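Student: Now for the letters of each chain:
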Amino acid sequence: MVDTRPFLPVSSHAGSDPTGPSENRRKPMKLQLSIFFVLLTVGFFAALLTSNNGSDNGFVKENEHGSLASPSSEKQLRPVSRGPAVGVSEKSNRLFAKDNENQLAYPWNNSMLSWQRTAFHFQPEKNWMNDPNGPLFYKGWYHFFYQYNPHAAVWGDIVWGHAVSKDLIHWLHLPLAMVADQWYDKNGVWTGSATILPDGKVVMLYTGSTTENVQVQNLAYPADHSDPLLINWVKYSGNPVLVPPPGILDKDFRDPTTAWLTSEGKWRITIGSKINKTGIALVYDTKDFINYELLDGVLHAVPRTGMWECVDFFPVSKTEENGLDTSVNGPSVKHVVKASLDDDRHDYYSIGTYHEKNGTWIPDEPKIDVGIGLRYDYGIYYAAKTFYDQNKNRRVLWGWIGESDSEAADMQKGWASVQSIPRTILFDKKIGTHLLQWPVEEIESLRLKSYEFNQVKVQAGSVVPLDVGPATQLDIIAEFEIDKEALEKTTGSNVTFSCSSSGGTIERGALGPFGLLVLADDSLSEQTPVYFYIAKGSDGKLKTFFCNDQSRSSVASDVNKRIYGNLVPVLEGEKLSLRVLVDHSIVESFAQGGRTVITSRVYPTKAIYGAAKLFLFNNATEASVSASLRIWQMNSAFIRPYPNNKESQ
Amino acid sequence: MTKIISLFILEAVFCFTFFTVSYSDINLIQTTCKKTPFYDLCVLTLKSDPRSSTADVSGLARIVADSVKAKAIATLNQISALLKSVKDPTLEKALEGCIVSYNTIIQADIPVAIDAIEKNNPKFAVQSAADAGNEAQACENSFAEKPSNSPIFSGNKAVHDLSVVLQSIASLLL
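Those protein sequences? They're chains W and H, same order as listed.
Mapping of the first sequence onto the UniProt record's numbering: position 69 corresponds to residue 69, and the numbering continues sequentially without gaps.
Mapping of the second sequence onto the UniProt record's numbering: position 6 corresponds to residue 6, and the numbering continues sequentially without gaps.
You may find that some hints are simply not true.
Chain H is faced by these chain W residues, among others (derived, beta-carbon under 7 Å) [as the list claims (entries may be wrong)]:
id	residue
1	Tyr106
2	Asn187
3	Val243
4	Pro244
5	Gly247
6	Ile248
7	Lys334
8	Asp342
9	Asp344
10	Gly414
Please keep in mind that the hints were generated in silico from the structure rather than gathered at the bench.
Just so you know, these numbers come straight off a predicted model, no measurement behind them.
Every residue, glycine too, gets a C-beta built ideally from N, C-alpha and C.
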């Protein structure tokens, strides 16, 4: 590898010099110096030759991290203007109110920022939160732990926050459950999961980042098992119980799962990792949560998916409408493997078969394997984790919803991130490849006044206001029927559609987009469409897409303006159905009973407080739609510190 | 005579070491910078920091993070100086907004990025770096003299571009 050419042959002067003694001394000096400079020059040229003066042919991976991923162009510093709005009639112009020139760089005042706080989504009183940790139901209380920074509205100094609830909706904050007070978690008390033992006791496994930044797994348990609030926790004196095994890097070993029983009566867990760029899930068996044996092979691996964070592994019933304890197995059961991909900040799942004897799992459809197929949520949603709720016999899913505004705004408002409303998970029997997610039924206890709209006709290219009073805390259930004649008449084409690469709702198709405009002001200068788009292929087959368009959600220029969404399978005879939870700066949308879900964060400057309105819209060119809706005003969940607790956060 | 030979050998070893060490660092710097959209800026920034000669990719990311912070501080000073003598209220508002952006870069984005890289949780470094670039862009966007550049265009551009470089390098650590 090293070129030794630079060392040119050098002649050395030995012997005396006829010019005299003083010059005798000077000549060797001159010689040394000249040799030195020759070698240096040659070395310089050799370095030049071997360095590639490459051009700007580098690239940035398509990047959906964080708020606004920067494309790699110098022009990025200029404001990007989008083309003129497309419209036909007077009514459709209203939908496309001019907005581009009104992009504001620093619109935020305290009124706008304080509006952003949610009324019924879990969030701590202030500062930064990320992954859900160790959810469980214990002695009458639902427990929720979470990654928390006690000092700032940005990630750092991570410890475990804690809250409890009787119904997964009304939360009460408790003191921090675990802090970074041991060498094995000094640099981070990271994500973990709870396991409830047959005798009802709880153990918690979590990842610690040691003083040397090595990722290890630690055991913790409640200090007092008779305390239903599980306020104090004890870390096992022999921690860590697991360190990175051979072949696994110190930085690729985190987020242990809830354990499940094997047929031999041992406990089994899985931990995500990677080997080069192949995402994997390691499997360990244990009898006591202290000593572990690493199984040969892995639960599963998928090339080119990168690091698997927050792996989750759980059974779902093929036949029953209830959840299953994590240890359940059998012929009427399928198993789900889920991973959060570090590379793209999305949560992926796949349904398959678990082979208990060798601790492996095979996907039913390799084309939609973990990391390359279905996502829990096509918006901003990460680090999700399920638990078996033995109280109501269901499997419940938590997911972290980050911010998609600027960190400057987060610092100003003093907080960042919320959790999704917990969702039940069921196997979608009709489709077979999908899971169904649905907000837990307890959320209905927040419903106040309701409004009903029956068969509202929305002509192609029009907008219909829905008068529901204040429109920032809503639960909306809607059904859409599209004009059948237009469906049949429309000529199909080969053009492929995707929500994210489309022009949003200003891009009109024959059969879409149509749906709801949430958090919209009267002039529609700010609007967040949640909608369907039906595309007809040249073979006559219909494909339905479900999207959430943020491109005009705010005139502020420093918020995410992407369009989220995906295909949603619609079966013959099914109406198009939609449920939307609007809660200030978060919108959670569920299509076809939760077959495809999108969560987004919205930061309007005008469509806030009393100025936020709700509309139906139809921007298709050919088809009219008719919509039936039930809409409820939603109460606050009054999430607050546990009463009489002096140590609340 | 032996003195001459030993001196010569010493020099040969010196140049040899100098050459081999710089050859292998250049390789890591080059391959890393090729994966960013601003190759020349990346190489220049890394080479001008002596730490780069012994740094791994994490270390290179750290060097870029420090450079973003330094450029941000310099730009913040520029903004403060302009604010002292500003008369136009629109310009004043833009400059004040930029102060917020630059404070965010210096007090939040870069410290979080450095912390995340050190703690081997690089996705937070990627996000913070992206945010730093966006803050610089928000600052540039806030000046009314579009389409011409703001009075602190070169500062904004430097911070923005370096943040993108940081984002790219941090992505390599995922």
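Student: If a hint holds in the structure, say so; if it doesn't, say that too.
Tutor: Right, here's what the structure says about each hint:
1. With a cut of 7 Å, the hint placing tyrosine 106(W) at the interface with chain H holds, because the nearest CB-to-CB distance is about 3 Å.
2. Taking 7 Å as the C-beta contact cut-off toward chain H, the hint placing asparagine 187(W) at the interface holds, the least distance being around 5 Å.
3. The criterion of a C-beta within 7 Å of any C-beta in chain H is not met by valine 243(W), whose closest approach is roughly 14 Å, and the hint is violated.
4. The criterion of a C-beta within 7 Å of any C-beta in chain H is not met by proline 244(W), whose closest approach is roughly 11 Å, and the hint is violated.
5. Using the Cβ-Cβ criterion of 7 Å, the hint placing glycine 247(W) at the interface with chain H is not satisfied: the shortest such distance is roughly 17 Å.
6. Hint on isoleucine 248(W) is violated. Least Cβ distance to chain H is approximately 13 Å, over the 7 Å limit.
7. Of the supplied interface hints, the one on lysine 334(W) is violated, with its beta-carbon coming no nearer than about 30 Å to a beta-carbon of chain H, more than 7 Å.
8. A hinted interface residue such as aspartate 342(W) counts as satisfied when its beta carbon comes closer than 7 Å to some beta carbon of chain H; here the least separation is about 5 Å, so the hint holds.
9. Because the beta carbon of aspartate 344(W) sits about 9 Å from the nearest beta carbon in chain H, more than 7 Å, this interface hint is broken.
10. Hint on glycine 414(W) is violated. Least Cβ distance to chain H is approximately 12 Å, over the 7 Å limit.
Hint compliance for this structure: hints 3, 4, 5, 6, 7, 9, 10 are broken, all remaining hints hold.
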